[in-house]
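Participant: Please put together the full structure from these sequences, using the hints given.
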Amino acid sequence: MDLKKRVEQCLGPNNFVVAMIECQGDLSVEVPKRSVVDVMRLLRDTSGLGFDFLSDLLGVDNLDLNKPKKKPKKKTEEGEGAETEEEPKDKGPVSPRYEVVYLLLCLERNERLQVKVRVEESDMEVDTLTPVWKAADWPEREVFDMFGIRFKGHPNLKRLLMWDDFPAYPLRKDYPLEGQGEERHLNYDD
Amino acid sequence: MATEAYNGGGWIATKLEWLINWGRKRSPWPLPYGTACCGIEMMCALAAGYDMARFGAERPSFSPRQADVLIQAGTITLKMAPAFKRVYDQMAEPRCVISMGACACSGGVFRTYSTLQGIDKLVPVDIYIPGCPPRPEALLQALLMFIEKTEKSQPITHKKHSDLLVGT
Amino acid sequence: MKVNQNPTPQTSHDTGDYVTVNIGPSHPAMHGTLRVIALTDGESLIKVDPEIGYLHRGVEKLGESLTYHQFIPITDRLNYCSAIPNNVSYEMAVEKLMGVEVPEKAQLIRVIMMELARIADHQVCIGILGVDLGAFTPFFYLIIQREEIYEIFEWFNGARLTNTFGRIGGVDADLPDDFEQRWEELKPGVRKANDETEKLLTHNRIWMDRTIGISAFSAEDALNWGFTGPCLRACGVKRDLRIDEPYCMYDKFKFEVPVGKNGDVFDRYIVRMIEMEESIKIIDQAYKRYKEMPADAPLMARVPKVIKPPAGEVYSALESPNGELGFFVKSDGSAKPYRIRIRPPCYMIYQAFPELVEGELIADLVACLSSLNVIAGELDR
Numbered sequence: 300m301d302l303k304k305r306v307e308q309c310l311g312p313n314n315f316v317v318a319m320i321e322c323q324g325d326l327s328v329e330v331p332k333r334s335v336v337d338v339m340r341l342l343r344d345t346s347g348l349g350f351d352f353l354s355d356l357l358g359v360d361n362l363d364l365n366k367p368k369k370k371p372k373k374k375t376e377e378g379e380g381a382e383t384e385e386e387p388k389d390k391g392p393v394s395p396r397y398e399v400v401y402l403l404l405c406l407e408r409n410e411r412l413q414v415k416v417r418v419e420e421s422d423m424e425v426d427t428l429t430p431v432w433k434a435a436d437w438p439e440r441e442v443f444d445m446f447g448i449r450f451k452g453h454p455n456l457k458r459l460l461m462w463d464d465f466p467a468y469p470l471r472k473d474y475p476l477e478g479q480g481e482e483r484h485l486n487y488d489d
Numbered sequence: 234m235a236t237e238a239y240n241g242g243g244w245i246a247t248k249l250e251w252l253i254n255w256g257r258k259r260s261p262w263p264l265p266y267g268t269a270c271c272g273i274e275m276m277c278a279l280a281a282g283y284d285m286a287r288f289g290a291e292r293p294s295f296s297p298r299q300a301d302v303l304i305q306a307g308t309i310t311l312k313m314a315p316a317f318k319r320v321y322d323q324m325a326e327p328r329c330v331i332s333m334g335a336c337a338c339s340g341g342v343f344r345t346y347s348t349l350q351g352i353d354k355l356v357p358v359d360i361y362i363p364g365c366p367p368r369p370e371a372l373l374q375a376l377l378m379f380i381e382k383t384e385k386s387q388p389i390t391h392k393k394h395s396d397l398l399v400g401t
Numbered sequence: 003m004k005v006n007q008n009p010t011p012q013t014s015h016d017t018g019d020y021v022t023v024n025i026g027p028s029h030p031a032m033h034g035t036l037r038v039i040a041l042t043d044g045e046s047l048i049k050v051d052p053e054i055g056y057l058h059r060g061v062e063k064l065g066e067s068l069t070y071h072q073f074i075p076i077t078d079r080l081n082y083c084s085a086i087p088n089n090v091s092y093e094m095a096v097e098k099l100m101g102v103e104v105p106e107k108a109q110l111i112r113v114i115m116m117e118l119a120r121i122a123d124h125q126v127c128i129g130i131l132g133v134d135l136g137a138f139t140p141f142f143y144l145i146i147q148r149e150e151i152y153e154i155f156e157w158f159n160g161a162r163l164t165n166t167f168g169r170i171g172g173v174d175a176d177l178p179d180d181f182e183q184r185w186e187e188l189k190p191g192v193r194k195a196n197d198e199t200e201k202l203l204t205h206n207r208i209w210m211d212r213t214i215g216i217s218a219f220s221a222e223d224a225l226n227w228g229f230t231g232p233c234l235r236a237c238g239v240k241r242d243l244r245i246d247e248p249y250c251m252y253d254k255f256k257f258e259v260p261v262g263k264n265g266d267v268f269d270r271y272i273v274r275m276i277e278m279e280e281s282i283k284i285i286d287q288a289y290k291r292y293k294e295m296p297a298d299a300p301l302m303a304r305v306p307k308v309i310k311p312p313a314g315e316v317y318s319a320l321e322s323p324n325g326e327l328g329f330f331v332k333s334d335g336s337a338k339p340y341r342i343r344i345r346p347p348c349y350m351i352y353q354a355f356p357e358l359v360e361g362e363l364i365a366d367l368v369a370c371l372s373s374l375n376v377i378a379g380e381l382d383r
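Residue numbers (my numbering), protein chains in the order written: chain A, 300 to 489; chain B, 234 to 401; chain C, 3 to 383.
Derived by calculation from the structure, the hints in this document are not laboratory data.
The reader is advised that the hints may include incorrect statements.
What the hints assert, rightly or not - Okay, derived cross-link-like pairs now, DSSO-like style, lysine-lysine, Cα gap no bigger than 27 Å in a straight line:
#, chain 1, residue 1, chain 2, residue 2
1, A, LYS433, C, LYS263
2, A, LYS457, B, LYS385
3, A, LYS457, A, LYS472
Facilitator: If you want it as structure tokens, here you go:
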């Protein structure tokens, strides 16, 4: 049976499927945030699916997804009085703003699945997946470090790539690439 | 004759300096501070193909107290910067810093929130080697420049090694 | 970073006197910028806490402000011991997003270059494993052959280490005419260096004592932690993306995938030695197939000058020398990627490090770390 139908059959009954998208052969299923651990257990334990390997875990910030892209002005032959083009309409900010994407793999059938969870700016907490797969340990710490999304129940939720006192969340779209002048200061005792 | 030594010049002082420089230039012990891709090219320079050991850099000293040259090969991030500064501070004079690679010279390709835009913001650099990564021959040339500089230094008549300009 | 000072005693002769030892980030055995805070009872390790991020250069954020082509040189700097699989993995992800099919000749050239990079990566990994354990000689033998491989890279790509190989849609140039002669000269050299390394190490009493049984890991634990690549194969799991999810015509080539038993340092070393030999076989088969292709076969698919993939997100992975190197690319329809996520193989492997070295000695920590081939450029990005 098609992967899409199998996933629908497994997750559909409990209303776990919010949306399903296919892109160039990659299937992506969005599930509600509060039931992510149950969904993962179902996907792992149901025969016919058997997604038993967590390949990766990442965060995405959708703040600028609907931002209008400026088109370069076309040069007119006369070179005077450039016509104004219609600005593409701003569809408004995407809400919820953040996403946590889980990339799963079925070792037996070599099938991949993306599971997405949307996180609102007002409630940035997701249940941790470490009881299901230990592989979620550092990726969740990195998502916390880069976006500020907390994982409830994580054994050691600290910053991973930046230093502990770093004051911001770098991969958010409103944080500038060159930083805001943060520096690390350590005082040595000697 | 001997008292002239402390005012600059004097036969004994200059001959003694020549002897000290001869000893120092023949054994520049590097501290290979390799963090990123340039570290691999530095490794190739230390290995059999390009062989830095024939210039006296036989013993890569990871202990800063016993090293003469700190070869910074690779990006220094803001998280790493205090550790790097601490290693530099622990080195004994006369010391020299070679900044190998674009990332060490100026941040390189990585103009981002977490990369130090050049180690000369933290420590005084003597020799810059551009390249991403520079060839091992470029590192050997830098070592030869260090040797030239040591030949011309004046450890007795000048108090500070770092007073001298590169290339003079 | 404080390690728990009152853990459950693990050794039978536990004195209760624990010392916290900080190893790194500037340390000869720490492969660049890794830091390990170890709670030890004498020499044996009670608990180990690795700290990373000392080479975090913000690559993923940098990718969001560059165009798709401009990001290819940045991918070189991830796993800098073998830059070509990084380039090809990223290019494959963007090609998948655009729905572009790469022509056969370009795929064969990609295979040849990727396998050469695999040999080079394993050479440096085994060489450094020897250096960390005190065996200096194999490092010099292997590095001489690695320099020969660098000559081929430089002659084809223009750079020894940071190759920036290939373009989105194929490769930019054909293999020059005397590749066959160069390869036939290089092959016996690589085999000879491998033989000499085996003679020096594999049945060496000291080597066996220092590597057999150290940080043995079971297959279940390895899969739970997300291991891929030689470290997973050493644990006994036959998993290789070149066979399980073939890409770039790997399904047309015959080669073995070595699998270990115990998952210890010795198995990882043996798996890498055998993989080098298998890579030589793959290059021979790929070049033979390449010679049968017409001289004017296309090298690039038809892609627009300014790459603007349709909005969407894909994940594409390939088998790099360290394991599954994947790129998650999300596009919003513009000329710059919206989000790039790099799935580094050694990231998943290194997070299991505390479990791998629990109960071992400090010297075994060095051996284990070296055998995992943790490359900080890839780990921290």
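Participant: For every hint, state whether the structure bears it out.
Facilitator: A quick look at each hint next to the structure:
| no. | hint | result |
| --- | --- | --- |
| 1 | LYS433(A) <-> LYS263(C) | 22 Å, holds |
| 2 | LYS457(A) <-> LYS385(B) | 52 Å, violated |
| 3 | LYS457(A) <-> LYS472(A) | 21 Å, holds |
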